[in-house]
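Colleague: As they're listed, the protein sequences go chains G, F, P, A, R and X.
All residue numbers in the first sequence are consecutive under the numbering used here, ending with 163.
All residue numbers in the second sequence are consecutive under the numbering used here, ending with 163.
All residue numbers in the third sequence are consecutive under the numbering used here, ending with 163.
All residue numbers in the fourth sequence are consecutive under the numbering used here, ending with 163.
All residue numbers in the fifth sequence are consecutive under the numbering used here, ending with 163.
All residue numbers in the sixth sequence are consecutive under the numbering used here, ending with 163.
For the record, the hints were derived by calculation from the structure and aren't laboratory data.
Mixed in with the good hints there might be a few duds.
Here are the simulated distance ranges between beta carbons [said to hold, decoys possible]: (1) R:N11 - A:F155: 55 to 63 angstroms; (2) X:N11 - R:L3: 24 to 32 angstroms; (3) R:N11 - A:L7: 25 to 33 angstroms; (4) X:L163 - P:R6: 42 to 50 angstroms; (5) R:N11 - P:G42: 26 to 34 angstroms.
Capping the alpha-carbon separation at 20 angstroms, the derived lysine-lysine pairs in PhoX-like fashion look like this [said to hold, decoys possible]: (6) A:K153 - P:K153; (7) A:K69 - A:K44; (8) G:K153 - R:K158; (9) G:K9 - G:K68; (10) F:K153 - X:K68; (11) R:K158 - R:K69; (12) P:K153 - F:K68; (13) A:K69 - A:K12; (14) R:K158 - P:K44.
On the chain P side, residues computed to face chain R include the following (Cβ under 10 angstroms) [what the hints assert, rightly or not]: (15) V37; (16) A91; (17) N102.
Every residue, glycine too, gets a C-beta built ideally from N, C-alpha and C.
Number of protein chains: 6
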Amino acid sequence: MLDLRLIKVNKPQDVNLILGQSHFIKTVEDLYEVLVNNVPGIKFGLAFAESSGACKVRSEGNDPELKKMAEGNILEIGAGHTFAVFMRDAYPINVLNAIKNIPEVCSIYCATANSVDVIVAQNQAGGRGILGVIDGAAPVGLETESDIAWRKAFLRKIGYKL
Amino acid sequence: MLDLRLIKVNKPQDVNLILGQSHFIKTVEDLYEVLVNNVPGIKFGLAFAESSGACKVRSEGNDPELKKMAEGNILEIGAGHTFAVFMRDAYPINVLNAIKNIPEVCSIYCATANSVDVIVAQNQAGGRGILGVIDGAAPVGLETESDIAWRKAFLRKIGYKL
Amino acid sequence: MLDLRLIKVNKPQDVNLILGQSHFIKTVEDLYEVLVNNVPGIKFGLAFAESSGACKVRSEGNDPELKKMAEGNILEIGAGHTFAVFMRDAYPINVLNAIKNIPEVCSIYCATANSVDVIVAQNQAGGRGILGVIDGAAPVGLETESDIAWRKAFLRKIGYKL
Amino acid sequence: MLDLRLIKVNKPQDVNLILGQSHFIKTVEDLYEVLVNNVPGIKFGLAFAESSGACKVRSEGNDPELKKMAEGNILEIGAGHTFAVFMRDAYPINVLNAIKNIPEVCSIYCATANSVDVIVAQNQAGGRGILGVIDGAAPVGLETESDIAWRKAFLRKIGYKL
Amino acid sequence: MLDLRLIKVNKPQDVNLILGQSHFIKTVEDLYEVLVNNVPGIKFGLAFAESSGACKVRSEGNDPELKKMAEGNILEIGAGHTFAVFMRDAYPINVLNAIKNIPEVCSIYCATANSVDVIVAQNQAGGRGILGVIDGAAPVGLETESDIAWRKAFLRKIGYKL
Amino acid sequence: MLDLRLIKVNKPQDVNLILGQSHFIKTVEDLYEVLVNNVPGIKFGLAFAESSGACKVRSEGNDPELKKMAEGNILEIGAGHTFAVFMRDAYPINVLNAIKNIPEVCSIYCATANSVDVIVAQNQAGGRGILGVIDGAAPVGLETESDIAWRKAFLRKIGYKL
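Next comes chain G alone, as it looks inside the complex:
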């Protein structure tokens, strides 16, 4: 009655993904506007799974490859009211708060450049929902003094922290 499966997101390593739950087809227009408005020069594609009426994968973007990537992955995942943004020349940290504040957006499953497995549940009618994601590799241990020094130096070298 309840079928669970892993669906691997299909994307190159240099592309960042934001995967979330939303509702209403206006999501694709609001996501588009938020992305363009927040980062000059961002390249992206995005898609949303309409889950009533025509049940189409709705999409927008300014990069054909990334738009096709978003459409393909959302169709493969097949979960109602989910959305995916694939982006280059920008990072999730640049846009994540703006996306969280879109009035249709419920929550964000992950924001990552890692390889991602999506855990999907399916009911007898064929409807699907995302239960969670496996975002990259598992941790191998606690950071040591030298790991901490590296972390602090790295965040300051890239200018993200003072």
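Starting from the structure of chain G, add chains F, P, A, R and X where the hints point.
Modeller: Here is chains F, P, A, R and X on its own, set in the frame of chain G:
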């Protein structure tokens, strides 16, 4: 040790549901006030699953039918610290950002008028948690040029986009 | 191919936990600053699971016991890009909105002093992801008139509502 | 060199005004969408003073009288990058947080159904800026016990507080 | 026709002030709840100038001295729809974002422990509005290398930055 | 007793300015981090007027010319707890919401590439405060049908609206 089950939300098709994770019994009062303050004339019922102490389903609302609907569904789902809002004469888009900003609210599982299956995990002690939802039907394909034209026209006809 | 397990969070009853999904190692510095900036005198430890590169559990805090608690639980859960905050002398309600607004944070699984079971999925490569949590005990029934009176009086006695 | 004047806002008593500082002509489209998206049935008109290029008063709305009211007042105030929303069948409390979160909006001078005098500064080139507003009447004294009782009862009678 | 005056805020040096523009008498209840909910142990008084109807200074708080201070200053300033919070055992940084997110709040004039002069405009009917504040002393020069070193060390010593 | 003056902001036409009220010297570090974190490649300088203790103009930035511009203007304005950001290769719309959410920030006076006159009040002790700004030129009339057509086409040509 880990038991998974699907629980179908019991609601009419014209009622919208917002389902989320929160904490603390003050959730019911804050949700009530946010809903009344944001949309004049909204009709709603809401319930929250207290998960320590008396472990009661706490509820508020201004419509008896919707309040009873919220209580019944939260009791049936049975997952600690979850809440549900059932509403008429308003849409999730009117209130979702305000709900996301309530200080007790952790996250939102879905916001939808679709039929919803909730995936619930149960441990040996009988405690339960929501893993995700199946929100409506799965997507059947990519939007075509005419689907895009319909989407753009529809969003502008209802005045949500210019 | 998909392995599910329950992992019990290891914490004393008087310690509150906030468990969430984020991305990027800057999470630990941003969480630290948000917690110190929001509540004078808060005691806390926090940890984040880096899931690429060195794959270390990154941590910060101002209380050694709580920091060790955060490190141990995040390592045990082992899910990429997840974080945990353990706190004393403060409540989740004091800091949850500020944490939700951190630009790396995707979502919050729970905020609670209850005992918590985390439902974790594992793939064949050993990567892990959180699907949800069982937060405390299941509800046992609807609140009665006297339960409602107690709730309203309690929230006003502690000064949280007027 | 610096000329100060009072400009009385021209509006009926049953119309609410939100007056603020913003930038960029996109303000009128974003304000329109936020208002329609937040309150079903809201009636409003809004205008914004472009202050470079064509320097036109840009406007939108779904009620001709209120749109004309917004245009006339913004033209009369004449301050660059300011905007005004005039609304019926909704209250500022329904939409103010959503307006504050529009990415072009700098700040809000007032939100009120009172009569409003706007204090405007003018430089030698004819440019103008809003310094502040006189929003209704001055307070006449501290609330008494019976005033407090009335306040608490009123807020609970209209359902805004529990 | 337009009268301008300076009104000095009356407060001890160890008390912090947040002065802002809001609307609607519910402001006093929402401010109270936000302050108590955000900082355990905060001591405060707050007042709001109702500017229609009974035109009373509405107030709340958990410290009689600070409540009286808020009432006295708001009455002295006399500007419709303005509010003031006076606090001890907490800092504006702990609560300012939460106050900015209250749905009645328009904007914040200042948040400071400095001595404050409020610039007030008055019209012929006796109505008043705040134009701005003089918050402490004017700057005397650019920070030197040793000033910068002191700043960075100080922010890290108090734990606000890492 | 109350002296008013106009101070013209000194900046090239291609540089955008965000001028606001804040408190606490941590403002300069938080502004720096928010700007770098939100827009890859942004060039900026920022300054803040400390108004107690050493009363220094505190500054940060990643472009020496813009940093010097911020320092010079904040010193010239001389108003306690005010800040200015001067930026290139980014627009206020990219960062304004993130700046509004910084916990020290009270409000924003303007965000603009226009020429700006700042209206400053000074008390007898030499303390100063910003009352408002004159942001560019006054509006010259209502938009015509062709102005509206130009606006809608322009916003869609640059991709900010769909």
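Colleague: Look at each hint and say if it fits the structure.
Modeller: Right, here's what the structure says about each hint:
{"no.": "1", "hint": "R:N11 - A:F155: 55 to 63 angstroms", "in the structure": "30 angstroms, violated"}
{"no.": "2", "hint": "X:N11 - R:L3: 24 to 32 angstroms", "in the structure": "29 angstroms, holds"}
{"no.": "3", "hint": "R:N11 - A:L7: 25 to 33 angstroms", "in the structure": "28 angstroms, holds"}
{"no.": "4", "hint": "X:L163 - P:R6: 42 to 50 angstroms", "in the structure": "44 angstroms, holds"}
{"no.": "5", "hint": "R:N11 - P:G42: 26 to 34 angstroms", "in the structure": "29 angstroms, holds"}
{"no.": "6", "hint": "A:K153 - P:K153", "in the structure": "15 angstroms, holds"}
{"no.": "7", "hint": "A:K69 - A:K44", "in the structure": "13 angstroms, holds"}
{"no.": "8", "hint": "G:K153 - R:K158", "in the structure": "17 angstroms, holds"}
{"no.": "9", "hint": "G:K9 - G:K68", "in the structure": "18 angstroms, holds"}
{"no.": "10", "hint": "F:K153 - X:K68", "in the structure": "44 angstroms, violated"}
{"no.": "11", "hint": "R:K158 - R:K69", "in the structure": "35 angstroms, violated"}
{"no.": "12", "hint": "P:K153 - F:K68", "in the structure": "18 angstroms, holds"}
{"no.": "13", "hint": "A:K69 - A:K12", "in the structure": "11 angstroms, holds"}
{"no.": "14", "hint": "R:K158 - P:K44", "in the structure": "16 angstroms, holds"}
{"no.": "15", "hint": "V37", "in the structure": "5 angstroms, holds"}
{"no.": "16", "hint": "A91", "in the structure": "6 angstroms, holds"}
{"no.": "17", "hint": "N102", "in the structure": "8 angstroms, holds"}
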